[in-house]
Amino acid sequence: MTNMDFLAIGPEVAVTAAAVLLLMVEVGGKPPKWVWGWIAGLGVAAALGLSIAQWVLGRGADANTYFSDMLVLDGFAAFGGIVVFTLTALGLAASWRLVASLQRRGAEFVALVLIAAAGMHLMAASAHLIMLFVALEVMSISFYVLVGITRNRADADEAALKYFLLGAFASAVFLYGIALVFAGTGHLSLYGEEDFLGATVILRPGVLLAGIAMLIVGLGFKVSAAPFHVWAPDVYQGAPSGITGFLAAGAKVGGFAALARVLTVSFDAYSDDWAPAVAVLAVASVVIGTLLAITQEDIKRMLAYSSVAHAGFILLALTAGDAGVEAVWFYVATYAIQVVAAFAVVAAVTGAAGGRSPLDAYTGLGRRSPILAGSLGLMMLAMAGIPLTTGFIGKIGVFRAAIDAGYLWAVITALVATVAGLYFYLRVIVRMYMDAPEEAAPAIPVPAGVGWTLALTSAATVALGIAPWPLLNMLRDAIPL
Amino acid sequence: MDFPILTTLIVLPMAAGIAVLLLPRRRPELALPVAIASSLLPLGAALWMLVQFETGVGGFQFVEDVSWYQPWGISYHLGVDGISLLLVVLTALLFPISLLASTSIKDRIHGYAASMLFLEAGIIGVFLALDLVVFFVFWEVMLVPMYFIIGVWGGGRRVYAAIKFFLFTAFGSALMLAGILSLAFLARDQLGAPTFDFVKLLDVDLARTAQFWLFAAFGLSFAIKVPLFPLHTWLPDAHVEAPTAGSVILAGVLLKMGTYGLIRFNLTLFPEATVGLVPVLATLAVIGIVYGAVVAIVQKDIKRLVAYSSVSHLGFVVLGIFALTVQGLQGGVIQMVNHGLTTGALFLLVGMIYERRHTREISQFGGLGSVMPIYAGVFLFTAFASIGLPGLNGFVGEFYILMGSFLTLPVWAIIAATGVVLAAVYLLWAYQRMFTGPITVEENRGLRDLSVREIVILAPLVALIVFLGVYPKPALERIEPSVDAILHRIEQTTDYRVPDFGAGVVITVGEHGE
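If you read the sequences in order, they're chains C and H. When we follow this note's numbering, the leftmost residue of the first sequence carries the number 12, and every step to the right adds one. When we follow this note's numbering, the leftmost residue of the second sequence carries the number 504, and every step to the right adds one.
Isolated chain C, as found in the complex (with noise of 0.2 Å):
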């Protein structure tokens, strides 16, 4: 074992080892919560010190791989880890009242979070088959339970069952995918697959191209993609607001991470065979999405259908393969800060521990709240992909690639969704800005937490919308090799 061999794997020791020593503290001293802030906030910061190590030493040479193939250290595995821990950190800090709220069961939530993050990451690193199986499920746990936690609300506890359920048939279909990927290669490692179907010309690939199927199925059911998507507007409801955020966001980014580099690096020689279904995906993911939230009527359930249409956008960049793999990462990163943003304000507005948040209690949010609202209002706007902002630079990337890659039909399809698509983020606006607060509406405070989240996250949304190059250039350095 080398030095490398420890940084490979250093991010999720640092999340790890907080977790644990913040469950055994709690257990022994009942402490303050501060304490837990304290642990939780170095645990990141070490895995974010460590992603970015990752980083400055691992882009750009080859990929190494770790644990007997288990684990690859390279630029994609590290940008992941920033995006993933950063995402950590925001997401803790915008749920600061509901782990108050929480009371002591509080310790296991951030526990929780730090476990799930350490998941989310491996899918970014894992150079392995059952490696990455390991990671969805460390992920897909914590979040069931994530779900849950409140208890005490019977929305919340239908949303988790319906969450482990279908997310558990999911995993499953997943797994038999990759008995039927290693029954048609007899490869399980990421890389070994690359060399044997680089070298070898398969006469019958049935069962193969059934293995990636799955594949494509178990990850497509993680982002929401549509038409595996029906879990996600009762989850997304049903949650505990303070936490939805990061759930949607970690989802997202955990699962496009594993999706890019499985298809890229694995099944590149059959990119000519999958790509189309992508591309189906894509635009099936996007029509949806965008059709059903035009008529929501909760903020949350709307959230939800449009994740599944941004899922859709991302999907678009991934048929292009290697090629549309910044275009991914950018849309990704961008996307989870702005749903992060987003669900902290709805935190904020409803309450953290809350499920339903329906529109009507954004009416006249501008005068109540102009924080919240400004925030707010510029995530609708990022997310509406208007100019200026991470979302504009995002489509721009993910409509390149598609076009490049030859989907022009997607693409134009794409952007008429996106047109319906501003209907319903404008009349979040008009909610907050146009329509008159009822009487004795009183002024929302925003906690400090959600406060310093949303600073950062606005911040972020316009400075990369006016000047993206910095990510952009970095990005060229995050292509699984």
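Please note that a few of the clues may not be correct.
[Said to hold, decoys possible] Facing chain C, from chain H, some residues (calculated, C-beta under 8 Å):
(1) P531
(2) V569
(3) Y572
(4) V640
(5) E643
(6) V655
(7) G658
(8) G659
(9) I666
(10) F669
(11) I790
(12) Y794
[To be verified] Distance ranges between label pairs, derived from CB positions:
(13) H:D708 x C:E148: 42 to 50 Å
(14) C:G417 x H:D998: 31 to 39 Å
(15) C:P453 x H:P963: 41 to 49 Å
(16) C:W480 x H:F506: 20 to 28 Å
(17) H:P782 x C:R215: 52 to 60 Å
(18) H:P782 x C:V291: 33 to 41 Å
For the record, the hints were derived by calculation from the structure and aren't laboratory data. Each residue gets a CB set at the ideal place from its N, CA and C atoms; glycine is no exception.
Use these hints to put chain H onto chain C, whose structure you have.
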């Protein structure tokens, strides 16, 4: 490098908007004066540019070109030529005026003033951008402040109007974005690297089919903005529901972004498609001229009447553009400016009477001429300019357009000429009902005439209406080289030939006698 005057023109209003937002909320009375004062800065910069502009040169001037993101081929490329020059100056002029006309707005004045200034930055950016992505950014981003201006500070059905305005425009621009991206990839196949740079894209040789598709993608977006019949349905709602300043800006400069886009991009990038589609666009333009005028006649609301008159007048502009003659194009460009001045003034006048009476029903007025003589005089003067009375600016534009289009599209020009007659019908009939005769409604008896502030608002517009009507040469000679360049390019790339002026009317004497 020279002083970046064009960036200054975009940054000044943007910075002013941010400054207004940072003013203390406790002092709402400060916001509007600060906004008005700071909007004079871009006006000064625009006038400086107008003076420094070199007449008689067809190309772009004050060019700024910085790479924005090299691998995607996007560059921050700005420039101004004879076509955009006057539109930028018009924009910079109309904003201080419309801000000065916004004193009736009390609610959330900081946001209002900042929205107006951001809107100004966006519109000026549209006219200056020479990179398609940068153009698209400004084109799309300027929707947001306009959406707020209509939706927050507008009239009764403001939310409906604001969303309709946003969705119509965004639908067009979605297809334009697909066109822009495709164009960049077509360019990559020929130039080796993708580019969105308008000037570099002129070197790309596009196949005929590609030209038609791209023309449609760009053209639909611009046609919605103009608006060309039958895509005009957003316009009456948006104009009527917007606050006065919003209507002035909408009619005065926003609509011109559409006609400007047609000239700048469709005519030059897709010449073959342009020549092929002349009958279609000219027909739509003429339908718009007649339809807009006829609908304007029957309007009961004076603001709606002015709104429909815009449909008619913009039809003239489009007809002039697609006549593809020097006179037609020149007329089209100058008519954009003229329409901005006259319709801007008409909307301001409508806003002033609305502030007094809180109604715009024509039937609620009558005999106003006796209580508000100055107002009535300015109204009649502006109406004459809009109709195209010789000596006022509207005449110059319409004369050039009709002359230019008669050379290539005689039938269309003859039908279009009826639009001038109809304009006289709707405007003069409205004047007659509102201003002449005895006072019919008692509330109108005590109305006060224009205040000094209102006269100050209208004076520059009135002066320019007279100036451009009597002496349009300075404007025309700045437009002409750029128009020539566009037509020259069309002649080079297609077998279309611009007819010599006069060739159609030379009377051959004596030949019959032999």
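To see whether the hints hold, each was checked on the structure:
no., hint, result
1, P531, "violated (14 Å)"
2, V569, "violated (12 Å)"
3, Y572, "holds (5 Å)"
4, V640, "holds (4 Å)"
5, E643, "holds (5 Å)"
6, V655, "holds (6 Å)"
7, G658, "violated (12 Å)"
8, G659, "violated (12 Å)"
9, I666, "holds (6 Å)"
10, F669, "holds (6 Å)"
11, I790, "violated (26 Å)"
12, Y794, "violated (26 Å)"
13, H:D708 x C:E148: 42 to 50 Å, "violated (56 Å)"
14, C:G417 x H:D998: 31 to 39 Å, "holds (33 Å)"
15, C:P453 x H:P963: 41 to 49 Å, "holds (47 Å)"
16, C:W480 x H:F506: 20 to 28 Å, "holds (25 Å)"
17, H:P782 x C:R215: 52 to 60 Å, "holds (58 Å)"
18, H:P782 x C:V291: 33 to 41 Å, "holds (40 Å)"
Hint compliance for this structure: hints 1, 2, 7, 8, 11, 12 and 13 are not met, and every other hint is.
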